[in-house]
Amino acid sequence: MKKKIQLTLNGKSTSIEVPNHRLLLDLLRDEIGLTGTKEGCGTGDCGACTVYLNGKPVNSCLVLSGELDGADIVTIEGLKIGPELHPVQKAFIQDGGAQCGYCTPGMLMMSKALLDENPNPTEEEIRYALSGNLCRCTGYAKIIQAVQDAAVMIRNKHVQ
Amino acid sequence: MLRLPEFNYIQPRSLKQATKALADLGADAMLVAGGTDVYPKMKRGQFTPRHLISLRGLRELKGIRDSKEGLWIGAGESLTTVSNHRLIAKHFPALAHAAESVSTPQLRNMGTIGGNVFVDTRCNYYDQTFFWRQAVGFCMKKDGQICLVAPGSSKCLAIASSDTSPVLVSLGAEAVLVSRQGERRVKLGELYRDDGIDYSTKAKDEVLKGLLIPKEALGRRNVYLKLRRRGSFDFPILGVAATMDIDERGECRYASVVLTAVASAPKIVPEASTLLQGKKVTKELIDTVADAAAKISHPLDNADMDYWYRKRMAKVYTRRALESLAGLDSSA
Ligand SMILES: Cc1cc2nc3c(=O)[nH]c(=O)nc-3n(C[C@H](O)[C@H](O)[C@H](O)COP(=O)(O)OP(=O)(O)OC[C@H]3O[C@@H](n4cnc5c(N)ncnc54)[C@H](O)[C@@H]3O)c2cc1C
Ligand code: SF4
Ligand code: FES
Ligand code: FES
Chain X
5 MKKKIQLTLN
15 GKSTSIEVPN
25 HRLLLDLLRD
35 EIGLTGTKEG
45 CGTGDCGACT
55 VYLNGKPVNS
65 CLVLSGELDG
75 ADIVTIEGLK
85 IGPELHPVQK
95 AFIQDGGAQC
105 GYCTPGMLMM
115 SKALLDENPN
125 PTEEEIRYAL
135 SGNLCRCTGY
145 AKIIQAVQDA
155 AVMIRNKHVQ
Chain B
145 MLRLPEFNYI
155 QPRSLKQATK
165 ALADLGADAM
175 LVAGGTDVYP
185 KMKRGQFTPR
195 HLISLRGLRE
205 LKGIRDSKEG
215 LWIGAGESLT
225 TVSNHRLIAK
235 HFPALAHAAE
245 SVSTPQLRNM
255 GTIGGNVFVD
265 TRCNYYDQTF
275 FWRQAVGFCM
285 KKDGQICLVA
295 PGSSKCLAIA
305 SSDTSPVLVS
315 LGAEAVLVSR
325 QGERRVKLGE
335 LYRDDGIDYS
345 TKAKDEVLKG
355 LLIPKEALGR
365 RNVYLKLRRR
375 GSFDFPILGV
385 AATMDIDERG
395 ECRYASVVLT
405 AVASAPKIVP
415 EASTLLQGKK
425 VTKELIDTVA
435 DAAAKISHPL
445 DNADMDYWYR
455 KRMAKVYTRR
465 ALESLAGLDS
475 SA
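Residue numbers (my numbering), protein chains in the order written: chain X, 5 to 164; chain B, 145 to 476.
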């Protein structure tokens, strides 16, 4: 059964017709064409598909479109601040926080969610915030470093 | 990639509509709350419902509040909310910790405590894709005839894997269930059955509205210890929940130990109350209870790590849990 839903997607109001059982991840990638969000596992294990649903990070591979009427969704494409990359994006580039890059959108979404709440996290707090995001390439050290550096940029610039 | 099969999706607007849909649709229907257990299992072909009835957005299932009778926790509250809640963190650190130890930060924003209490039992031969299970040969929990872990067994031995249920049982929580016939209240511990397939005694047409932790549990010390391979996220391969009340003279007024992941249901260790209550708690008594906990634990070769190790750890974790509550912590 198809259903017309109204969404705010990366700040813009969007109306779309979707089958109820279509997953948010597939809606974003296959129907809307926002392919920044990745599918690693499809079963909640890897975090590559992380987006914000009503302000909270969730695994979009496990969210049904039928539940999204009126929802506010932010994807990796919505992370930039105007034309500028967000500090977490800058820091991942600067520090080599990505290798193959497949986990990176999810890592960035979780890193920003953490820094929005806590701009001065300890290493332990960063590891905890990223505990649902798997990376098969980097060994995590540079990812953690990038989040720490992004935190410094944010604190220095008071960017929110 | 694993795809979600098609199904009929029902979004009731009230608990009444939900119970009606559940009663009308019968065995082909399944409830879904956060979906963090249901959707992965549908993708792997472990669950094959024709109709899904969504509990998301039902206001009757929301809210955490202090009441005359105790602390009420709506079944639809997310694990994130439960683990961060002021009253829960203050009075029931075991529950806050158990909720926080479930899955990942993202999944805890979606997964609910109601879904956690009824989360499916687990087994290495079952928690696999359809393709994997077909290749190895299906087992009786889904699509097959025999048990692959214990081929002689007449029942499935998949393990109880909820982190919050042993804590809630140890705190004496009650479940409030609603069906078309009305509402009933039952001790949560009575809702479990030691059978890997039919692991709950909840009637098929009942919805869990919420959980009530009784007033008398408020002053009791409580702790939850979870064994898993990874610190980041993993289901429990052993969980020990303990609750204790000790008076000014060091005498135990109440003690309860509940284990998870050692059988298909949370297991109460009767010796915790029979040996400790009314006595001054000593290390020797705690050791005896810990031995009893290991004795009733029957881990099998169907989860992470060796089963003999998990059995030995049932003793170690029970001892640690009780020593920490009794203030006799030495080994840590
Ligand atoms: C990667 C990963 C890691 C995980 N790790 C853990 C872990 O460490 N510990 C753990 O305990 N769980 C874990 N889980 C399982 C699951 O995420 C949690 O148990 C979660 O709390 C389930 O809640 P839910 O709301 O998503 O349940 P759902 O998936 O919506 O439902 C689960 C079951 O409960 C039933 N149900 C839900 N709500 C109600 C209700 N109100 N009344 C009656 N029946 C109801 C459903 O019909 C279904 O049978 C993990 C899952 C994943 C994908
Ligand atoms: S315990 Fe046996 S029947 Fe149950 S899921 Fe495992 S292999 Fe299947
Ligand atoms: S694709 Fe969603 S968690 Fe892996
Ligand atoms: S950079 Fe390849 S998975 Fe993380």
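It is worth saying that the hints were derived from the structure and are not from the lab.
Possibly wrong hints are sitting among the right ones.
[Stated by the list, open to error] Just a sample of chain B residues kept apart from chain X, beta carbon distances all over 10 Å, derived:
no., residue
1, F151
2, G170
3, Y183
4, R200
5, K286
6, V320
7, R337
8, T345
9, F377
10, A436
11, Y453
[What the hints assert, rightly or not] Keeping only pairs whose Cα atoms sit at most 27 Å apart, straight-line, the calculated DSS-like set for lysine-lysine is:
no., chain 1, residue 1, chain 2, residue 2
12, B, K164, X, K7
13, B, K423, X, K6
14, X, K60, X, K8
Beta carbons are placed, not taken as given, at the ideal position from N, Cα and C, and that holds for glycine.
Structure-based check of all given hints:
1. Against the 10 Å criterion, F151 of chain B falls within the reach of chain X, whose nearest CB is about 6 Å from its own CB.
2. No Cβ of chain X comes within 10 Å of the Cβ of G170 of chain B; the nearest lies about 20 Å off, and the non-interface call holds.
3. Look at Y183 of chain B: its CB is around 5 Å from the nearest CB on chain X, not clear of 10 Å, so calling it non-interface is violated.
4. In this structure R200 of chain B is not separated from chain X by more than 10 Å, as the shortest Cβ-Cβ distance comes to only about 6 Å.
5. Every Cβ of chain X is farther than 10 Å from the Cβ of K286 of chain B; the closest lies at roughly 16 Å, confirming the non-interface assignment.
6. The non-interface label for V320 of chain B is consistent with chain X: the shortest C-beta to C-beta separation is roughly 25 Å, beyond 10 Å.
7. Here R337 of chain B stays apart from chain X, with its beta-carbon at least about 27 Å from theirs, past the 10 Å limit.
8. No Cβ of chain X approaches the Cβ of T345 of chain B within 10 Å, the least distance being about 28 Å, so the stated non-interface status holds.
9. For F377 of chain B, the condition that its CB be more than 10 Å from all CB atoms of chain X is violated, with the nearest at approximately 6 Å.
10. Every beta carbon of chain X lies more than 10 Å from that of A436 of chain B, the smallest distance being close to 34 Å; the non-interface claim holds.
11. Remark: the non-interface label on Y453 of chain B is consistent with the geometry, its nearest Cβ contact in chain X lying 24 Å away (cut-off 10 Å).
12. Only pairs whose Cα atoms come within 27 Å are accepted, and K164 of chain B paired with K7 of chain X is accepted, the gap being roughly 23 Å.
13. Under the criterion of a C-alpha separation no larger than 27 Å, the hint pairing K423 of chain B with K6 of chain X is inconsistent with the structure, at around 65 Å.
14. For the hint linking K60 of chain X to K8 of chain X, the alpha-carbon distance of about 23 Å falls within 27 Å, and the restraint holds.
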